[in-house]
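Chemist: The chain contents come next:
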Amino acid sequence: MKNENLYNYLLGIADNSLVLGQRMGELCGHGPSLETDIACTNISLDLFGQVRSYFQYAAKIAGDNRTEDDIAMLRKEREYKNVLLVEQPNTNFAYTIGRQFLFDVYHLAFLAELQKSTDLTLSAIANKCIKEVSYHERFSSDWVKRLGDGTKESNQKMQDAINDLWTYTDELFHQTDADKAMVAEGIGVDVTILKENYYKQVNNLLEEATLEVPESKWFQKGGKEGIHTEHLGYLLSDLQYMQRTYPNMEW
Amino acid sequence: MSTKNWPLWEIFVRSKNGLEHRHFGSLHAADAEMALENARDVYTRRNEGVSIWVVESKHITASNPENNGELFEPAQDKVYRHPTFYDLPDEVKHM
Chain A
88 MKNENLYNYL LGIADNSLVL GQRMGELCGH GPSLETDIAC TNISLDLFGQ
138 VRSYFQYAAK IAGDNRTEDD IAMLRKEREY KNVLLVEQPN TNFAYTIGRQ
188 FLFDVYHLAF LAELQKSTDL TLSAIANKCI KEVSYHERFS SDWVKRLGDG
238 TKESNQKMQD AINDLWTYTD ELFHQTDADK AMVAEGIGVD VTILKENYYK
288 QVNNLLEEAT LEVPESKWFQ KGGKEGIHTE HLGYLLSDLQ YMQRTYPNME
338 W
Chain B
-3 MSTKNWPLWE IFVRSKNGLE HRHFGSLHAA DAEMALENAR DVYTRRNEGV
47 SIWVVESKHI TASNPENNGE LFEPAQDKVY RHPTFYDLPD EVKHM
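Listed in order, the protein sequences are those of chains A and B. If you're matching positions, the first sequence starts at 88 in our numbering and goes up one per residue. If you're matching positions, the second sequence starts at -3 in our numbering and goes up one per residue.
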């Protein structure tokens, strides 16, 4: 493939939205209240819409017969490049919100930079996505504050979720070879420069929510290289079931 | 998460600029800010609106259906309150 770095770069971005979208979609019919159920599935649909834009572009770059669906549905676990954070399960609503919040703050800053990409398709996608993600970030931040600054029980659950998910945050700012190549060409975002502001923003909100900023300095990594936690395989088996069982099936 | 104690909110949505807000339905939320966000997700996700009002249901004073007789029936036989007894000039359109 001529543009292999760009192809891999697109997958790196899109897989985050795909896997998080699948996680939020799992709450369809299972949300804690009717209203939050719809909110979570709306976020899921926003993310899937974004994924389609990235994968359609990736399929065009690949230049063979593969389609957006092939890319989404027919890869193996090791070929998914999403960060470990987004594949973590919906243990309870605090985890769902914590995961969303820790990703949204990053996602918003990332898209703001991606708008400046010299690749016009990518900057156009970023331009469209950023409005959706601004709302996601508002929604998840509000809920972190509500749960953190709520009852003793909600505070404890929110704190537990943040403590457990914290170890996956550093990976957001790691660079793959494809990332580095794309940054050098002015197409990609240098995620390392987003890190300082990310933690500043997250820490401020956690304080506002009367939560403690975890002190752990030990971080998990690997998702961007295809080395995932045990949760991704189960998620993919749900996601891919229909295409694997009835190959080439169309809606 | 317990939503049992969340109050009920009435949701009004303006579907286009220039039109009035119309009552769309009701939902539960802990406060006004959450009611707005919930209303955005529940009632405007298919592009139905450009503006949302939320009002906590307890602030609405409603007429009592038992009083419908005295409130509404007297108007039923007063056709002369409709402006239907005038000949409209042809030049006036869109009435």
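Check each hint, because a few of them may be wrong.
To be verified - Each pair of labels, with its calculated beta carbon distance range:
no.: 1; chain 1: B; residue 1: D27; chain 2: A; residue 2: P301; range: 51 to 59 Å
no.: 2; chain 1: A; residue 1: E283; chain 2: B; residue 2: S47; range: 51 to 59 Å
no.: 3; chain 1: A; residue 1: N179; chain 2: B; residue 2: R42; range: 27 to 35 Å
no.: 4; chain 1: B; residue 1: A26; chain 2: A; residue 2: T205; range: 44 to 52 Å
The set of hints was computed from the structure by calculation and includes no laboratory data. Glycine residues also receive a C-beta, built at the ideal position from the N, C-alpha and C atoms.
Chemist: Out of the numbered hints, which ones does the structure contradict?
Modeler: 1 and 2
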